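Chemist: Using the hints, put the two standalone chains together into the complex.
These protein sequence lines are chains B and R, in that order. If you use my numbering, the first sequence corresponds to residues -11 to 422, in order. If you use my numbering, the second sequence corresponds to residues 43 to 540, in order.
Some clues are possibly wrong.
If you want the footprint, here are the derived chain B segments under chain R, 3+ residues with CB under 8 Å [stated by the list, open to error]: (1) 155 to 166; (2) 260 to 274; (3) 397 to 409.
If you only want the chain B side, here are some residues facing chain R, beta carbon under 10 Å, derived [unchecked claim]: (4) SER116; (5) THR199; (6) LEU202; (7) THR359; (8) ILE392.
It is worth saying that the hints were derived from the structure and are not from the lab. None of these values were measured; they are calculated from a predicted model. Even glycine gets a Cβ: it sits at the ideal position worked out from N, Cα and C.
Chain by chain, the residues run as shown.
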Amino acid sequence: MSDSNIQIQQKPSESFWKGVWKQFVKNKLALYSFRFIIALVFIAVFADFIANEKPLIAKYKGEIIFPVFKEYIIDLGLSEWPEDFQNAEWRRIEFDWAVFPLVPYLPKNIDFANAQSVGPFDEQRIESLRWKHWLGTDELGHDVLSGMIHGTRIALLVGLVSMSIAAFIGILLGSIAGYFGDTKLQMSRIRVILNLVVLPFAFFYAFGTRTYILQDALSSSFFSFLAQLFVSIVIMGAILFVLNYLIVPRLKSVKAFSKKVSIPVDILISRLIEVMVSIPTLFLIISIIAIAKPSIFIVMAVIGLTSWTGIARFIRAELLRVRSLEYIEAANALGYSEFRTILRHAIPNALSPVLIAIAFGIASAILTESTLSFIGIGVPPETMTWGSLLSSARQSTAAWWLAIFPGFAIFLTVTVYNLVGEGLTDALDPRLKK
Amino acid sequence: MLKYILKRIIIFIPTLIVISLLTFVISINAPGDPVDTMLNKTSGGDGQASQKLATEKAYIALRHKLGLDLPVFYFSFTNSAVADTLYKIPKANHRKTLERLAHNYGVWKNVSDYYQDIHEFEMALLFTERDSLNSEGLRTVRDYVNTLYDLYEESKILNIFSNLDFTFSQTKGLEKVQPYYKALKNAFVRMQTEKNPIAKYIPAFHWYGFNNQYHRWLFGDKPWLSSLPGVDDSNVQYTSKGFLRGDFGISYQDKRPVASVIWDAMRWTFILSTLSIILAYFIAIPLGVTSAVKKGTTTERTITTVLFILYSLPSFWIATMLITFFCGGDYFDWFPAFGLGSLPESAPFWDRFIETAYHMILPLFCLTYSSFAFISRQMRGGMLSVLGQDYIRTARAKGLDEKKVIWKHAFRNSLIPIITLFASVFPLAISGSFVIEIIFSIPGMGKTTLEALVARNYPIVFTVMLLTAILTLIGNLVADVLYAVVDPRISFNKKGTS
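Pulled out of the complex, with its shape left as it was, chain R reads as follows (with noise of 0.2 Å):
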């Protein structure tokens, strides 16, 4: 058994790697810029030259603090035309632009010359003095240098370039910045005519060491030993800890810490699910057990169609509708139709304790229902098939009566496909019912993951996601385990298992 849970567990490595890596392959890919996000600031054309450089400066130094300076991944296969050192460039816009550019034009020296001319001439831009003459020119120029970071299509760069000729032919007191424009539109004609199309059908491959975002990301820099108890770390510099240490990271929006703005959430939808999963038990087992006990008879029929019915309601709809019908608008206030109570945290334990119990019914009901509805069929099927056997038989042929024989000889062997189901608990714990806490406002995993991924707070997103499936996987192995301890036919040390 021990040696069965410890392959088990050495089989999780692999499966944990390929989860981590798609969550983190999406999260990368994720749109929006999370240092602008944290900053709460989106770098316009215009402003003051001070400032603008006190912006990039914050942009940087937060940047390298969540550690998205770092190459993304341990090796990186991309064509000869992009150079190995793009991570480095800050935005995630200008690297766009860049990888674009390198691809049309093959060149990465020219390709980077120009990037370097394009910084150059909004440095001049920024700290050419404004006057009366000049003011309105410049504002538009500053505009024009902007929008060439987003452009990598010939056509629309050329239209710039023309654009700000036009702008400069027509504004006096722009001399100064001259001599930058004409280096960067040598640059591109450099970029144009030393085009190398073979670049980017060649293939190149580079590594990038330990220090990646995704080793960072998963590991942490902090070093494993000095995370030994008794190991003095006062004095170790690290940035993150790491995922398996329990770092997840920082959120984007209140910059807490995730781990902590999960374990809110999780405390309510941990609640809600514990109890709906209590009360499904509760109510399907005896309820399965009597529908296959009386089989054929007017009330399993009964039992079965209003099962089948229950389970096949879409949550979501029943609990529109008991939203609709039972929490004020028209019809019957019944009900509080959001959130767990206003109630302070310093009104008496009771009060409060009512008031949230109140706000539950509704959830827990829509929670409810489907599962045990759904638990009750799985009952049903395993006690019928369970009293088929010769041994049923055997016991009432014996003269047990009815009661024994079914308690005590057939329910516990009908136990079985239950409990595969409890594998599913682990997970739902963590995940809830996304669109029930939704829907009733509960501020549990549901609602927040939602609400973070709405506003692209990916860290968030991607610890639930890479939680919840480790918790399937143990989920998984606890109900593999617990299906030998009840059935004592199943083991795990004879060969081809699989």
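Pulled out of the complex, with its shape left as it was, chain B reads as follows (with noise of 0.2 Å):
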């Protein structure tokens, strides 16, 4: 049964993204954005080979050797440098002949021969034209090209990690609240009122004493605070499961108790996304991260959680029309749980909607992390992006590339998104067919 049930879900639905694609196709603008985008991202992963100060391979003392890969391998610390290059100039240790990258910078070296911002017209005090700062330098000497190659990572990261997020609460809330409305989620009474009676006591569990635990994991690193507050959420998970599947169960048998009432989840949600939706959220953001110790990774989740309101309102909406749809009665009347219908059967049919607001939601969270790394906040001063690089030209008023290259890659990347974003809206709503 199951293998000739997945046959026919799956024939209809990938003909559905091939129309999708077709249609998109159709939008060359929308395509050679996409492609700009894949471009983008191969830039971002091959960043370390694109720009680095390290030689991509080169001969020393007889040994061929890699130290771009050989850095990965030390960042996971299964190696270690040799002597020779622990602290060395890359540029000045005598290679027997050595391989660069297109650009032979890291953002954080300081050319101080080029300092005071050299322009990539201007004279550069270089030995030949493979150490040129093609797009000049900045105040302190960086290399500007390559600030904007690494930039790009940073700048595909935050759409990527705020966005996912942000889909993640979007849909788990704005399915549940339009699948379930006001009505459909029934429990019993004991259930309701035990779970409101032991939340605040497994939070007390999960979060409240483990507070030292996880203040400590966030000041030493964003990845141990991660792994603390994951362990944090099993615990909190553990509690209510046993609640819920062991206790729960064994009281239901008593009459009183196991009365139905149905839970206005559609209301407390559609509340919380007024809620968010009226907080300032640049205000929202810039305060909790004024608080904070400064981090990408913070400023990304913290976009990610402001964010989501958009996509779960767009879900809500489509489940609303879904649920009432016969396949899904269908999906219902054959036993299925209300979660398989939801995850298989009712989202996936509402998706569209939200790869669009996805797509304008990745513009729109590079644009804000690169205003707050405009100004100043959020990011460690350390971190070159795109929104750093431009914020040094109001220092040099005199350098016109550090005013327009790093805009015009944040202008380009965030143009980039929104029209693969029309051109979704155009392959996806089949009414706007023409």
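Modeler: Written out as structure tokens, the structure reads:
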């Protein structure tokens, strides 16, 4: 049964996405934008190989080495630099021969000879054209092109991470609100009461007693914080699991307890969305970031946590429509669990507006992050982003290259995501087909 | 209609509570001690006893005046290791250390004894006469004792103790304070031996009542009856009227009332955003209508493309470029880059007006272009969908001239999407354009808020945040009501309009 079932399901959905792609390709601008994003992803992934102070491949004392690769291994803690390379200036090391990357600088490298903002057409004090700063340098002598290449990574990461968080929360809450509405989610009285009583205690044991563990983890590194946060969530989940699957079923046999009450999830979640929308997002982000330690991951998390409302609204509206369709009734009649019906049957058919919202959301997340790093909030000073590069133009007003290039990168990336969003809108909305 | 508005206003209440709670939670977790900021002092390890005592007294008095010696919230839900009276400890960093110690050792009485002993030891050291023999040692001991206030890790505390032991063995003339040191060490040992590791796993709930920081911040401690008009409130004692009655607290930096700081800043933001909104609407609406009416022509395509590009240009980039190229530097020196002019208040009005207007051209441009691009696109969309309707065809068919069809029949109905945008005008007036004000150094809301944020002047930040939220809510309501006015098909009295 299951095999044939899957086939029946997948066939139409595959052709649906094929159709969308066909429609999307017709919009040339959107297609080029999409290709441009792929190119950006390529630059972001291989940034270390495109712009780096270390050679890609070199011969040193008769041995062939791959310093850029080795760096990854060292970052993983599996190896160490040999004596000669520790704290060395890579350009000055006497290799037998060496192939340097396209841009032989890291964003953090300071070229003292070309400090105080040297432009691309100014005379640069360099040994050969190989070492030229193609897009100039900033006040301290950082290479702008290298900063922009490595900044791609942060820009794309911000879009990806924050929108993943936003999509997760938005789809979860939006589908619950839309699918169940105010009347469809019914629970026995005892389950509601016990959950309400136990929730504060679950929170206490998962987070209250672990406050200091979480705090210390956050001040050491973001990833250890994530690990500890995961432990906390597991504890909370375990407590609620024990309650709902081991304790409640036993108590349900008492008749007075088992009476069903419906939970108005739609009202609750809609109210929550209204609250989130009326909070000035930029202020909220800025005040949260101001009290936390500067970290690009916190910026991403906060942007994600504040921008899920659009997605939730879309998916709620879609599911309100979808839930009364016959195939959902059929799924219910077949006895599928509510979870399966939502996840496998309802959500996939409501995804198209979400996809559009995500494309636009990435654009605005990138814009928000670059605004924040432009005014110097949230991003640690040693991290080079497009926004922080652009803000260095404010110190040296004569340096047109600092004003133009990073800003243009922000503009182009934001526009390209917006264009893809528009292309998706046209491709996914059959009413707009011309 | 009235019923609908009333219903919406009632719904505001939970929303406002949530936002105020969120704001409050962020504000009490904010780093830095507001009392220290206002006193402009940090308590050092050294100093005259009388001076130190005076500082401490001033600290406690100011803390009381700001209402920071109250419990934080109506209730607390912590573990049984921490006492419910922790809020009475004056310094924030001491409270933090005590909480950690209680968490580690589990018996509040011992932790509190240990804290008392540090304090007594510190006092004893302060009253020890300094002489040539103990001068050096006394200073070291005082410094060590001061660091004890921040330490909660056993190894670090023991390390301080061994350092203290060493200093005591080296220095003569400190015999008087030895008993205090012994008591402190004993208290520490007691804390260690009588450990209760379970206490932190036992939840504890305390109810503090209405006299707490949150309640006072929002509602104030002045009786509401005394605020009624005609009631003589001259001899009512209170520290704050509360946020809801317009008392936003005191700015930590210049000690001015927050309301007056915000009022000063709001003037500029208000002028800027009102002008830019008016300008944007004046340019956007005809442009949007034209591009919709002339659909398919070159004019339309040019307008649409230009609008799209303008819409996607980040305004902070344009602002940076304008400053680079048009405000001195190495290129054109056409406009001033910063501020609003430096003419004194006494200068003739028109001179000042022209000076200010001259300074406002670039910021106004940056604020306007993005919003007018956005509004035009909306206008175009609205107009396009209306032009496809049957009644437009009917109007044309009965021979009305094109101008009349567009401006009388289509235009009014295409205004609906534009009205929603009006809702965003309200919050804009207060939060302003954050980045533009910062770039052009205009002393408006954005700049004031950022400066307050950097200086950890939280009363301003949180007032702005809450006010903006309230204005957004009002803006949404106004938009909904306007909807009904413009489009008679929309009715709020029917059921199921959520």
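Chemist: Against each hint, give a clear statement of whether it holds in the structure.
Modeler: Outcome of the hint check:
no.	hint	result
1	155 to 166	violated (count 0)
2	260 to 274	holds (count 10)
3	397 to 409	holds (count 5)
4	SER116	28 Å, violated
5	THR199	8 Å, holds
6	LEU202	13 Å, violated
7	THR359	6 Å, holds
8	ILE392	7 Å, holds
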